[in-house]
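Asker: Those protein sequence lines, which keep their order, are chains A and B. To convert, note that position 129 of the first sequence is 129 in the working numbering; the numbers rise steadily by one, no gaps. To convert, note that position 24 of the second sequence is 24 in the working numbering; the numbers rise steadily by one, no gaps.
One or more hints might be untrue.
In silico DSSO-like links for lysine-lysine, alpha-carbon gap of 30 Å or less [claimed, not checked]:
hint	chain 1	residue 1	chain 2	residue 2
1	A	K266	B	K6
2	A	K304	A	K244
3	A	K13	A	K145
4	A	K146	A	K186
5	B	K6	B	K71
6	B	K117	A	K266
7	B	K71	A	K265
8	A	K250	A	K186
Keep in mind that the hints were calculated from the coordinates and are not lab data. In this text the structure is predicted, and so the values were computed from the model without any measurement.
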Amino acid sequence: MPLHYGSALAEHKAVRTEAGLFDISHMRFAKVSGSDAKKAMMYLLANNVAKLTERGSALYSCMLSESAGVIDDVICYYHHDEEYRIVLNSSCAEKDLRWMNSTLSHYDVAISDYPTLSMIAIQGPKAVEIFCKTFDEYQQVRRLKKFTSTEINSTFIARTGYTGEDGIEIVAEPEAIINICNTITKSTAPENKVSLCGLAARDSLRLEAGLNLYGNDMDETISPIECDLGWTVALDSERCFVGKQALLEKNKKEQRHMKGIVMNKKAIPRAGNRIVEGGIITSGGYSPTLDCGIGFVLLPSQLKDHDKIQVEIRGNPVEAQVSSRKFLKQFLNNKDRQG
Amino acid sequence: MRRYTKTHEWIEKSENGNMRVGISDYAQTNLGDIVYVGAPAIGATVNEGENCAVIESVKAASDIYAPVSGKVATINEALVDNPEIINQDPYNQGWIYEIEDDGQDLNTLLDEENYNKLLSR
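This is chain B alone, in the form it adopts within the complex:
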């Protein structure tokens, strides 16, 4: 079950047992063409609500905030040469990094219905 932050990141448990993070369709639309993704380092600790990655679009750089704290397990290498995958497929192929599942509580984040409510305000 995907969960969302107010800053338009999403997180969900992936098949390999990690938790996968990306940005929402709303975010990628507003960013425009993405030309560079500065993912966190593997092994680094990301802290909930803090800047953990950067996405560069043609016009500006945008900070990505960690939905929950954790240790970075993997990053999506495909985004190095093809950052535009995030624009094309923000929820699947466009995932940015994974953290180790440490039992972090995702229930404090927005579910899809409440995230959509946030967008329609």
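Just chain A, with the same shape it has in the complex:
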């Protein structure tokens, strides 16, 4: 996936208003199967896969280390009690697989990964409609519930995404994916337009949607609570999972907090920029929807929305406001209230 195909801003807008196509083949599709698959996944992931009872249903989870640092964030899809599918971040795939193999060695499971499969995402308010109009064989995708998946003719399709919009992610053999891409981008009718989108748009879209990026917002030195992923950790039962003990210990102490920031002036915060009052920007960039700089900030203390902080950008302090990380949601809510 290149940085952009002409204009990162136009691609961002396309996903927010119509549909965009991303080549995400760098992501790794893997399976955990065997008689102990369910027990193994309940141990491996901080979120509880026992919640998933319908074929195709999915959840978002962190995979923690013994010291409750984040090894990766994943989406896990339930096929049946003896088979789960999991999508790993490309930069972590090899590490994750080694970790899974060693951590689950005493379970009766086979861990297989599929590096040669291709993956794309079609995202936007018209993504599903255009996809189903274009391909007769995928009609049932219209009825696919959010955060669930299905398999049609060896093509795995999930109603998930990384943009904050409705859409699907598709995993299949390269020829099938190429065929889908060529067909869906061929239409010249404006109502069927699907724009090719690159990395820059992918980043600005997920930033606006408040979605974490592994490597920026968390790594093995950060706990899920600190990077605002506490909601993905299921602590409500006796279930033992990797990192649980360490996490409970950490929860007793003061931890860092992740919030959003909105720049007051037209300056752009970037990952690594320090906060004058303490803290650091983990992800930052320009928000086309809000028309200003936004970012995620890791703060030493609990700050409230609208608290003022200063971001050190190129040596100068620039004023910003603490906010929710759900920039898009908040922007749309405010628009509704004013409208």
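Dock chain B against the given chain A, drawing on the hints supplied.
Answerer: Chain B alone, transformed into the frame defined by chain A:
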């Protein structure tokens, strides 16, 4: 006569007697969508070859280097609300700042032919 630097800035004498500075078409294409321009302060001295301004595109911040030294006379206010003008019209409406004409020698910079040669390498 517009002159260019190896770092893709341009400079030329403007009608009001100042010298006007911007970035080349090659630069704006490579930067992608420009979303913020951090121009130098009016009255500040910029030094040849040193960072004098910053241009933020969606993905990254890029330093702009002063083609020649001088005192900043004006900046292009239109870029505050519409930084994308640089993408649309890098040589005219997309100028970034002007310095006072102090007889600075522009002949040491690349002319258009040599700048284009640089790009085609």
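Asker: So which hints don't hold here, by number, going up?
Answerer: Failing hints, ascending: 6 and 8.
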